[in-house]
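In UniProt numbering, the protein residues as written are 1 to 223.
What the hints contain is simulated information worked out from the structure, not anything from laboratory work.
Take the hints with a grain of salt, since some may be wrong.
Straight-line alpha carbon distances no greater than 27 Å define the calculated DSS-like cross-link-like pairs of lysine-lysine that follow [what the hints assert, rightly or not]:
# : residue 1 : residue 2
1 : K45       : K20
2 : K137      : K45
3 : K137      : K20
Using C-beta positions, here's what the derived DEER-type ranges look like [as the list claims (entries may be wrong)]:
# : residue 1 : residue 2 : range
4 : T172      : Y43       : 13 to 23 Å
5 : R220      : D24       : 11 to 21 Å
6 : D223      : E129      : 13 to 23 Å
7 : G152      : D223      : 22 to 32 Å
Idealized CB from N, CA, C, for every residue including glycine.
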Amino acid sequence: MHHEQPTSVAEAERIQEQLKQRLDLDTHLGTNPTLVAGVDVSYDKFSPRITAAAVVIDVTTREEVESAVVHGEVSFPYVPGLLAFREVPILLEALGTLGCRPEVVVCDGYGIAHPRRFGLACHLGVVTERPTFGVAKTPFVGTYDQPGRRRGDWSPLCDGDEVLGRVLRTQTDVKPVFVSAGHRTNLDEATSLTLDLSPRYRLPEVIRRADFLSREALRRSED
DNA sequence: GCGACAG
DNA sequence: ATCTTGTCGC
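When you get a sec, could you build the whole thing from the sequences and use the hints?
And the structure:
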C-alpha cells in the first residue's frame, strides 16, 4: 500500500484539499458493526523510528480478533492540522497487514473537527475507502460546554453554528473525549460505538490496545 | 502582531 | 508523541 509523500507543508495542504473532495459524510454504517479496528502510532524520542498497531475486536463478544504491528520511520514533521501526513503511511501498512476487513476504523485524533475539516480520521477513511471516525483526548478546534458528569453525557463541539463533533463522557466523573466523524460514519454512530467500546476506561478498548501494542513493540525493538 | 495548536 | 514518582482514591 503506497501513499503520496509531500515534501513541504504547501504540498501537503494541496494534497489534503484534493483528498477532501472525496470525503463522504452522507453515507453511514446504518447497522451495528461487528468487526471494529483501532489504530495508533508510537514515536521514538531520539530517532525517527515509529511503530504502528492495528487491533481488531468483535464488538458482539468484545474479543480481540486480530492485531498487526509495523515498524517504520517518520516521513513528515508534526504540524498541527497535518498530522495525517505523519501517521497515515504507516497506518496503511498496519491495516494492510491485517487478514480481515474491519467495518469501521477508530482513529486516535480528529475527523472533521479540524481547521480545514479534514483530520486524520477523514484522511485515513478516504484513502482506505473505509468508514472511520476519530476519538481525541485533548481539545483542538471548536468551542464547547462541559458535558454532564455521567457516562454517556455529551455536549456539542461547535464552531459558530457548525457542529464539528461531540465532547463525550465515556466514564462518570472522568475527563471527556472528543468524538468526530471521519468518513462514511455520522456522529450518532461514532458516539454510540465509542461508548460500546469504552465499558471500563476513558478510551475505546481498541485504541488502548493499539496504544499498548505499538508502544511495547517500539520499546522492544530498541537496540 | 502574538500565541495556541490532534499526535 | 515523549520525558517522569509519587500519590490520592475506589
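Which hints from the list above does the structure break, by number from lowest to highest? Those not satisfied are hints 1, 4, 5, 6 and 7.
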